[in-house]
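**Q** Construct the entire structure; sequences and hints are all you get.
Now for the letters of each chain:
2 protein chains.
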Amino acid sequence: MKILRHPSEVFPPIAFARREGASVGLVPTMGALHAGHYALVRQSASQCDKTVATIFVNPTQFAAGEDLARYPRTLEEDLEGLAAAGADFVFVPKDSDLYPSGFSTFVEPPSVSLPLEGAFRPGHYRGVATIVLKLFNLIPATSAFFGRKDYQQLLTIQKMVDDLNVPIRIEACDTVREADGLAMSSRNRYLSPEDRQRAVGIYRSLQRTLGEFNSGVRNVSDLEAVLMRSLHDCNIDQVDYAKVVDAETLEDRTKLEAPAIALVAARIGKTRLIDNWLLGTNGA
Amino acid sequence: MKILRHPSEVFPPIAFARREGASVGLVPTMGALHAGHYALVRQSASQCDKTVATIFVNPTQFAAGEDLARYPRTLEEDLEGLAAAGADFVFVPKDSDLYPSGFSTFVEPPSVSLPLEGAFRPGHYRGVATIVLKLFNLIPATSAFFGRKDYQQLLTIQKMVDDLNVPIRIEACDTVREADGLAMSSRNRYLSPEDRQRAVGIYRSLQRTLGEFNSGVRNVSDLEAVLMRSLHDCNIDQVDYAKVVDAETLEDRTKLEAPAIALVAARIGKTRLIDNWLLGTNGA
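Sequence lines, in order, name chains A and B. With this note's numbering applied, the first sequence covers -11 to 272. With this note's numbering applied, the second sequence covers -11 to 272.
Quick caveat, the hints were computed from the structure, so don't treat them as lab data. Here the structure is a predicted model, which is why all the values come from computation and not from measurement. Among the clues, some could well be false.
Note that identical chains are pooled: a pair holds if it fits in a single copy or bridges any two copies.
[Said to hold, decoys possible] In the SDA-like style, the derived pairs of lysine to any residue whose C-alpha atoms are separated by at most 20 Å in a straight line are:
# : residue 1 : residue 2
1 : Lys243    : Phe4
2 : Lys82     : Asn153
3 : Lys(-10)  : Met18
4 : Lys82     : Asp150
**A** What follows is the structure, encoded as structure tokens:
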């Protein structure tokens, strides 16, 4: 696995591989890698001739007061894991190389980015869309792999790619979970043992909501009431949102007809976690 | 010359040419072509193996109340002229193919887009940056050619390309002028014979400002006073701006040290024209 550190180093080998006819998969990450990230890399390696991972804690996607400074950095472990998962290249740029002095062009993300995380994390998806587009330009891949755990991010990136005619295919990968169901997240390592036990309540509440859906409930306020009550029963009281919305647009519905998704963002201690479950298709 | 009408038609032949090692030049236009556009096409054809022109009157770059509906459309003449100038492909998309229902991702253009035109035409450069990035993605060219007449547009696009790491080289081409000095513009055809005569006053006023600069004047308010007085002497009274600013950043200066540029936007009758002249380097 080759480690590339400067933007000027990364385009040529990928463009060369593309000219030779190779397919190239891209897996953008912020490091602090876990089994979910490695599943993305393995999926890319199985589908593409070459796989490029990136590790960059993107400052522009952290809203004021968020955990940018304390975001976990575990570079040595990450590099070992990426090599084992089958990455051919890893791009590890510096902040100042991607955001030099005077940087001032951003992507204004699509409307699907506005509710939910967009409402609770002002500027988050503007930062995500901007860095992802920059990486797509620096690394001319054929496909890019994103996890369904960050479901609104996935929709935002897919819509940006469609709107801006970016010549790349977005591949969605299922959420990887701990044995008890907690969605893998780099932020899980912030959790105290006690909070870790409590955190699984998000998963359990999504499952209870799925159970209601599967038993025929289609009224959104009933489903959201089950979700919220279950979070409360699991001692999760700092809930940013617990919503059931249209799975394609994230728009509010009264009664479910098309595929829907239940999404939760909650604080467990000082750690903000998100998770989701699709209703009406195979959830992950 | 091959005419391509749908976005899905345009990427494959250009990507094929690139894989074969060809250089590809892109000349984005809004049609109503004149000698300035054809100079861009000829420059591309002389530098690149293949040249792609685009004709698209981009609705998102017209501010409310501007001349979108009456913007001149002269497709048959444009196609003849492009073929004669050496274009290999011309892309003529429909509005609904580039802006389908639900389109909602935009480029938030760099800070160099904020003063001057940015202040007088709200949203103009957001529309310009968005369509240009879309065209760069649809048409994977090696170079793109833009005229210095739209000087702030040129800086905006160059800075967007730098900030977003777009893998394309921006080539600036000199302004082409009528025999009397009036900068070529698609909007010149709006001018009545009388207004046409008056319009050359913009060029003459820029020349008078250059004369002052060449005689050693470096105080910006003195230069701007000469520019404004000259416009007034030429019966051009509806001036949006008549400014001398830093040529790289478009920022205000008190006294000129680095290269500067004089820029004018004025209304002649109902027609809004812009022009500029570099001070301290070879003007065009």
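**Q** Hint by hint, note whether the structure agrees.
**A** A quick look at each hint next to the structure:
1. Taking the closest pair of Cα atoms, Lys243 and Phe4 never come within 20 Å of each other, the shortest separation being 51 Å inside a single copy and 48 Å across copies.
2. In the homo-oligomer, the alpha carbons of Lys82 and Asn153 lie at most 20 Å apart only across protomers (15 Å), although the nearest pairing inside one protomer, at 28 Å, exceeds that limit.
3. Taking CA atoms no more than 20 Å apart as the test, Lys(-10) paired with Met18 passes inside one copy only; the shortest distance there is 18 Å, against 44 Å between copies.
4. Within a single copy, Lys82 and Asp150 get their C-alpha atoms only as close as 29 Å, which misses the 20 Å cut-off; across copies the closest is 16 Å, which meets it.
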